[in-house]
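Novice: First to last, the sequence lines map onto chains A and B. First residue of the first sequence? That's -2 in the numbering used here, and the numbers climb one at a time after it. First residue of the second sequence? That's 9 in the numbering used here, and the numbers climb one at a time after it.
Source of the hints: derived by calculation from the structure; they are not laboratory data. Fair warning: there could be bad hints in the mix.
To be verified - Here are the simulated lysine-lysine pairs, BS3-like style, with alpha carbons at most 27 Å apart: (1) A:LYS134 to B:LYS151; (2) A:LYS298 to A:LYS156; (3) A:LYS158 to A:LYS298; (4) B:LYS151 to B:LYS224; (5) A:LYS236 to A:LYS189; (6) A:LYS13 to B:LYS158; (7) A:LYS156 to B:LYS158; (8) A:LYS156 to A:LYS60; (9) B:LYS65 to A:LYS133; (10) A:LYS158 to B:LYS158; (11) A:LYS60 to A:LYS189; (12) A:LYS134 to B:LYS158; (13) B:LYS151 to A:LYS94; (14) B:LYS158 to B:LYS224; (15) A:LYS133 to A:LYS94; (16) A:LYS134 to A:LYS156; (17) A:LYS134 to B:LYS65; (18) B:LYS224 to A:LYS94; (19) B:LYS151 to A:LYS133; (20) A:LYS94 to A:LYS156; (21) A:LYS298 to A:LYS189; (22) A:LYS13 to B:LYS65; (23) A:LYS94 to B:LYS158.
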Amino acid sequence: MIEFHNVHKTYRVAGKDIPALHPTSLRVENGQVFGLIGHSGAGKSTLLRLINRLEEPSGGQIKVDDEDVTALDANGLRRFRQQVGMIFQHFNLLASKTVADNVALPLTLAGELSRREIDARVAELLDRVGLSDHAKKYPAQLSGGQKQRVGIARALATKPKILLCDEATSALDPQTTASVLHLLAEINRELKLTIVLITHEMDVIRRVCDQVAVMDAGVIVEQGPVAQVFLHPTHPTTKRFVQEAEQVDEGEQRDVFAHVPGRIVRLTFQGEATYAPLLGTVARETGVDYSILAGRIDHIKDTPYGQLTLAITGGDMEAAFARFTAADVHMEVLR
Amino acid sequence: MDVLLHYFDNVDWADIWVATNDTLLMLGTSLFFTVLVGLPLGILLFLFSPRQLLEQKATYAALAFVVNAIRSLPFIILLIVMIPTTVFLTGTSLGVAGAIPPLVVGASTFFARLVETALREVDRGIIEATQAMGATTRQIITKALLPEAKPGIIAAITVTAIALVGYTAMAGVVGAGGLGDLAIRYGYQRFQDDVMVVTVVMLIVLVQILQTIGDKLVTHYSRK
Chain A
-2 MIEFHNVHKT
8 YRVAGKDIPA
18 LHPTSLRVEN
28 GQVFGLIGHS
38 GAGKSTLLRL
48 INRLEEPSGG
58 QIKVDDEDVT
68 ALDANGLRRF
78 RQQVGMIFQH
88 FNLLASKTVA
98 DNVALPLTLA
108 GELSRREIDA
118 RVAELLDRVG
128 LSDHAKKYPA
138 QLSGGQKQRV
148 GIARALATKP
158 KILLCDEATS
168 ALDPQTTASV
178 LHLLAEINRE
188 LKLTIVLITH
198 EMDVIRRVCD
208 QVAVMDAGVI
218 VEQGPVAQVF
228 LHPTHPTTKR
238 FVQEAEQVDE
248 GEQRDVFAHV
258 PGRIVRLTFQ
268 GEATYAPLLG
278 TVARETGVDY
288 SILAGRIDHI
298 KDTPYGQLTL
308 AITGGDMEAA
318 FARFTAADVH
328 MEVLR
Chain B
9 MDVLLHYFDN
19 VDWADIWVAT
29 NDTLLMLGTS
39 LFFTVLVGLP
49 LGILLFLFSP
59 RQLLEQKATY
69 AALAFVVNAI
79 RSLPFIILLI
89 VMIPTTVFLT
99 GTSLGVAGAI
109 PPLVVGASTF
119 FARLVETALR
129 EVDRGIIEAT
139 QAMGATTRQI
149 ITKALLPEAK
159 PGIIAAITVT
169 AIALVGYTAM
179 AGVVGAGGLG
189 DLAIRYGYQR
199 FQDDVMVVTV
209 VMLIVLVQIL
219 QTIGDKLVTH
229 YSRK
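Construct all of the structure, not just a fragment, from the sequences and the given hints.
Specialist: Take a look at the structure:
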């Protein structure tokens, strides 16, 4: 469990104090995939680096599994860092070392295993990330996705309990992003590893995270389970991220809807309700007509969800609304 | 044909041979000590410099001042200024031995700056990643920074070696011998153009060989 108690960070630039993170408290449960989303300069990178103290906090307390990280001395910090893996946007692999030597580096630095044990562990890690055939290559000979896989193997070398991901997929194309995220989800599931990731793409959050915190100007403005935050965003920053992910332009949508007669509602289904034949049943029983203006059916991590915007005309509209509300469906009346 | 053969009448090939040996001996010895002194000095300059691992403003400023002061002196002046130190270190200010201390002092400060630059070329992300693994500062230097900067450091050694060839020519002033000395005493002061031509050609060949070896090594160690 990672806990922040009133942690804050201020940089001193040219004689002026610039706050990067306002006093923040936060809790990440073990085994969770915790996403931090925000625009550049929102403070998410600072927050991530506070966890393994690549950034020193200006105040507050950080605890990992009840160990006070902020109180560790240099030696304690080194030992702690060996239990926290980290991957980076630009991979940060050593160009001068082979893939195998890059993965072996954290183990060599820790100096606890023999050469033979290190070799065995490296082989196992490369197998996990699907790069066994590339052990003798140098990073320059690999694609971006392969480099990040090496980064992941390297981060897992010391069997850490936490993995920090710093914009791990931001330099990758969509297809490679999907495969790297898939690998992260798999690692989280199989190794029970706690993952904290930062990103500026809501899609990354949607695919792998359990919890999400939205950051803006050094403050967490919204936080909760991904499905809740994603489907019912309340803060303007969150709404913008969700719209970016769904490629919805609210202004454009309003113009289109202006020409449509009747009431307009947005229904949000989650889990099993996504597949229930609700619309047809309600229309038949209450005599309303509906046309679908917009909609999508997708997954948030492993949970299916659907979101439909409907124009409803005729029949017993109030009864229909009551039926929607009674079913396991979230309804918003837009007009 | 005769004219061509007689053009090199003044050249004593035994002298050329001795001078070449002296040059190579000065170059080899001084390059060895230059790397020995300059590499740690360059690493310290890098570590103490602003926003680096062991940032220490005062130490860096002091170190940088000394390095700059030495580098401000033209080598010919350094040779003379250092005579007492040289006598103290080697017992003589003459010959090959008398040339080594000023060569090392002059070249290692130059080399240290090149090492500092080469280390600065290493992506900061590499340092961050190594720190995140729980590396000590020593480990960051030996396991990450130096391996990553190796091509840059080899290039720095090449440039320094070639600068040293130039310095050794000036070391002729303290009676150090070598090709430069030959060129000055015979080629210039006795107007023996042929000796001048031969020494110049030898120096050019030497520099070409050094650069070629350096480039080959840089290519060999570059993985980018």
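Novice: Are the hints correct? Go through all of them and say.
Specialist: Status of the hints after comparison with the structure:
| no. | hint | verdict |
| --- | --- | --- |
| 1 | A:LYS134 to B:LYS151 | holds (19 Å) |
| 2 | A:LYS298 to A:LYS156 | holds (25 Å) |
| 3 | A:LYS158 to A:LYS298 | holds (21 Å) |
| 4 | B:LYS151 to B:LYS224 | holds (23 Å) |
| 5 | A:LYS236 to A:LYS189 | violated (31 Å) |
| 6 | A:LYS13 to B:LYS158 | violated (39 Å) |
| 7 | A:LYS156 to B:LYS158 | violated (30 Å) |
| 8 | A:LYS156 to A:LYS60 | holds (19 Å) |
| 9 | B:LYS65 to A:LYS133 | violated (42 Å) |
| 10 | A:LYS158 to B:LYS158 | violated (34 Å) |
| 11 | A:LYS60 to A:LYS189 | holds (19 Å) |
| 12 | A:LYS134 to B:LYS158 | holds (18 Å) |
| 13 | B:LYS151 to A:LYS94 | holds (10 Å) |
| 14 | B:LYS158 to B:LYS224 | holds (13 Å) |
| 15 | A:LYS133 to A:LYS94 | holds (9 Å) |
| 16 | A:LYS134 to A:LYS156 | holds (24 Å) |
| 17 | A:LYS134 to B:LYS65 | violated (41 Å) |
| 18 | B:LYS224 to A:LYS94 | holds (19 Å) |
| 19 | B:LYS151 to A:LYS133 | holds (18 Å) |
| 20 | A:LYS94 to A:LYS156 | holds (21 Å) |
| 21 | A:LYS298 to A:LYS189 | holds (16 Å) |
| 22 | A:LYS13 to B:LYS65 | holds (20 Å) |
| 23 | A:LYS94 to B:LYS158 | holds (11 Å) |
In this structure, the earlier hints numbered 5, 6, 7, 9, 10 and 17 are contradicted, and the remaining ones agree with it.
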